[in-house]
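S.K.: The listed protein sequences derive, respectively, from chains A and B. Going by my numbering, the letters in the first sequence line up with residues 21 to 259, in that order. Going by my numbering, the letters in the second sequence line up with residues 2 to 299, in that order.
Bear in mind the hints are in silico, worked out from the structure with no lab data behind them. Since the model is a prediction, treat every value here as computed from it, not as a measurement. It is possible that part of the hints are untrue.
[Unchecked claim] Ranges between beta-carbon positions, derived for each pair:
1. G75/B x A137/A: 14 to 24 Å
2. A60/B x I114/A: 22 to 32 Å
3. I196/A x T161/B: 57 to 67 Å
4. V153/A x S27/B: 49 to 59 Å
[Stated by the list, open to error] Quick list of in silico lysine to any residue cross-link-like pairs, SDA-like style, CA-CA up to 25 Å:
5. K262/B x A222/B
6. K138/B x I32/A
7. K100/A x A222/B
8. K24/B x E256/A
9. K138/B x L202/A
10. K100/A x Y17/B
11. K125/B x R36/A
12. K100/A x V130/B
13. K125/B x P257/A
14. K138/B x A137/A
15. K100/A x Q69/B
16. K100/A x H21/B
17. K262/B x P282/B
18. K100/A x G68/B
19. K100/A x K262/B
20. K100/A x P79/B
21. K118/B x P23/A
22. K138/B x I123/A
23. K138/B x A200/A
24. K100/A x T72/B
25. K138/B x R36/A
26. K100/A x D127/B
27. K100/A x P282/B
28. K100/A x G104/B
29. K100/A x T128/B
30. K138/B x I112/A
31. K100/A x G247/B
32. K138/B x E256/A
33. K125/B x E256/A
34. K125/B x L163/B
35. K100/A x H56/B
36. K138/B x S56/A
37. K125/B x T96/A
38. K100/A x R150/B
39. K100/A x G43/B
40. K100/A x D92/B
Glycine included, every Cβ here is placed at the ideal spot set by N, Cα and C.
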Amino acid sequence: MLPIARSELIQIFRNRSVLIANLLMPAAAAAFFIYSRDLLEGAGGLGYIGAVLVFTVGAFSLYATVVTVLAARRQTLFLKRLRSTAASDPAILIGLVLPVSVIAVVQVAVMLTVFAAVSGRPSDVVLLVTAIVAAFLMLLALGLATAGVTSSPEQAQVTTLPISLGAIGVASWIGIAGTADLTWLKRLVPGGSATELVIDAWNGGVPVADSLLLLGPTLGWVVVAVVLAARFFRWEPRR
Amino acid sequence: MSTNPVIDVDELNVRYGDFHAVKDLSFQVEPGELYALLGTNGAGKTSALEVIEGHREAASGTVRVFGQPPTDRGAIRPRTGIMLQESGFSDDLTVSESVRLIGRLTGRVDALDAVLKTVDLSHKTDTRVSQLSGGEKRRLDFATAVYGRPELIFLDEPTTGLDIQSRDALWDVVQQLREDGATVVLTTHYLEEAQQRADRIGLMHQGTLRQQGTVSELTRALPASIQFSLPPGTATPPMHSAPVSGNAYVVETFDMQRDLKQLLDWADDHAVELLGLSAAPTRLDDVFRAVGSEPATS
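Kindly produce the complete structure, drawing on both the sequences and the hints.
M.R.: Shown next, in the form of structure tokens:
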């Protein structure tokens with residue numbers, strides 16, 4: 021697993037298009053959100069900005085990059101090459117997504133630290149970390165599922181749009197409008213309850229037990245995405 | 002049949018939906034043997050090979066490699082080198098990074114510099130795969146297959162795209178590995194390579210194994226040929242021969258020495274010059290063509 025992760029990290033840093041589109045652009049967008057925090061705070065509060073930061077990194081640096089990387093490695097038969105070794109399928113997958121995941125975690129940690137430094141600390145750091153882990157797990161699993169129906173890195177630019185834009189849209193919808201009305205709908209859409217969890221963790225004022233219930237729908241989406249990935253993921257290009 | 006074959010395929014079937022790609026395929030590969038699995042386009046050899054390599058599940062039948070299911074990668078891959086038909090390397094990794102990665106993942110140990118030297122890629126160690134030529138990529142693929150001197154090596158179209166020197170060098174390495182006891186499974190469209198190198202050959206057509214044996218066993222069933230032309234007005238030679246065009250004749254024979262002597266004696270006796278005389282043994286190409294023209298089986 022670790023040799024695969026190491027080679028994957030080398031490949032990411034040598035591929036400018038992946039580096040710019042999936043790692044630097046989200047960082048730039050997040051920097052913009054932090055810079056415009058006074059304007060955004062009026063729309064949905066600090067928790068909303070935190071949620072948008074989490075989902076911007078999660079949707080692009082993690083989700084879209086995972087789909088792009090897996091589609092590219094399948095198209096070039098690199099996945100088949102790895103499967104001609106002694107490495108197991110789970111070890112190959114973990115090795116491939118580990119560098120992207122670590123980079124996304126580092127990105128979101130740096131951005132939220134900067135955001136906290138200029139706007140104040142979140143109310144519950146542990147709950148915030150839990151929310152981020154749950155949201156990233158969901159986006160990672162959705163990435164594996166989407167990779168199953170994405171035949172090339174070029175196609176990934178299209179197939180990732182619904183979920184990546186949808187995640188940002190849901191975060192904005194819930195962050196700005198709250199969950200007072202259409203509560204269950206907002207909590208059941210992918211990323212909805214995770215967004216609410218981030219907002220609760222940052223703003224505070226909600227009992228932890230109530231917030232933890234929001235993990236249910238998020239982890240439910242993880243299960244759905246894993247089932248979809250098991251159904252659709254392919255190791256070789258369709259012949 | 003050996004009691005301990007390296008590869009044991011029994012009643013293997015591979016299906017893609019309604020398409021029956023491999024039908025009841027059975028064969029064994031013995032230790033130290035070079036077995037060539039050949040076939041017409043779409044014969045099913047790649048599908049069969051992918052199951053044997055552990056890349057694909059069989060619809061039915063059993064396959065054992067070193068006595069284990071081929072999907073048991075942890076047990077089999079440290080002992081097996083695979084040269085894929087298409088390279089499957091990352092463009093962004095260098096030659097040395099690619100070989101080292103596959104070497105580590107197979108659990109085999111070798112001297113990287115020495116391996117790259119055997120495939121003449123020493124000068125490309127730090128070159129990215131994207132900058133290699135097609136032939137160099139094939140040699141890189143071969144390097145990963147022989148890294149750590151595995152006991153079993155799959156060579157899928159190993160010399161496609163290689164120049165003659167590279168081909169010879171590749172076969173020299175294969176020969177050295179065989180002298181150390183390695184078993185080799187080869188697929189190729191270069192029949193002369195199979196004819197020269199293989200201990201046994203399996204010929205597939207339309208999903209089934211139509212013939213199997215040594216080159217002499219496979220060619221024994223088809224006649225050799227003697228070809229010549231006669232000057233105008235010459236009498237017909239005494240043995241059974243068929244004119245192919247004008248005064249050109251082909252004698253098909255199962256006893257080349259006897260028929261050739263008879264032809265030469267007749268020519269001497271009648272003072273006839275045999276123009277363009279040639280005598281050729283049955284070639285694998287002829288067997289291959291005969292198999293390829295066989296009708297489909299149900």
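S.K.: Now, for every hint given, state plainly whether the structure supports it.
M.R.: Each hint tested on the structure:
no., hint, in the structure
1, G75/B x A137/A: 14 to 24 Å, "violated (48 Å)"
2, A60/B x I114/A: 22 to 32 Å, "holds (30 Å)"
3, I196/A x T161/B: 57 to 67 Å, "holds (60 Å)"
4, V153/A x S27/B: 49 to 59 Å, "holds (52 Å)"
5, K262/B x A222/B, "holds (22 Å)"
6, K138/B x I32/A, "holds (21 Å)"
7, K100/A x A222/B, "violated (40 Å)"
8, K24/B x E256/A, "holds (23 Å)"
9, K138/B x L202/A, "violated (58 Å)"
10, K100/A x Y17/B, "holds (18 Å)"
11, K125/B x R36/A, "holds (23 Å)"
12, K100/A x V130/B, "holds (17 Å)"
13, K125/B x P257/A, "violated (29 Å)"
14, K138/B x A137/A, "violated (51 Å)"
15, K100/A x Q69/B, "holds (20 Å)"
16, K100/A x H21/B, "holds (23 Å)"
17, K262/B x P282/B, "holds (15 Å)"
18, K100/A x G68/B, "holds (23 Å)"
19, K100/A x K262/B, "violated (57 Å)"
20, K100/A x P79/B, "holds (16 Å)"
21, K118/B x P23/A, "holds (23 Å)"
22, K138/B x I123/A, "violated (31 Å)"
23, K138/B x A200/A, "violated (61 Å)"
24, K100/A x T72/B, "holds (13 Å)"
25, K138/B x R36/A, "holds (23 Å)"
26, K100/A x D127/B, "holds (23 Å)"
27, K100/A x P282/B, "violated (41 Å)"
28, K100/A x G104/B, "holds (15 Å)"
29, K100/A x T128/B, "holds (22 Å)"
30, K138/B x I112/A, "holds (23 Å)"
31, K100/A x G247/B, "violated (56 Å)"
32, K138/B x E256/A, "holds (19 Å)"
33, K125/B x E256/A, "violated (28 Å)"
34, K125/B x L163/B, "holds (17 Å)"
35, K100/A x H56/B, "holds (8 Å)"
36, K138/B x S56/A, "violated (50 Å)"
37, K125/B x T96/A, "holds (21 Å)"
38, K100/A x R150/B, "holds (21 Å)"
39, K100/A x G43/B, "holds (21 Å)"
40, K100/A x D92/B, "holds (15 Å)"
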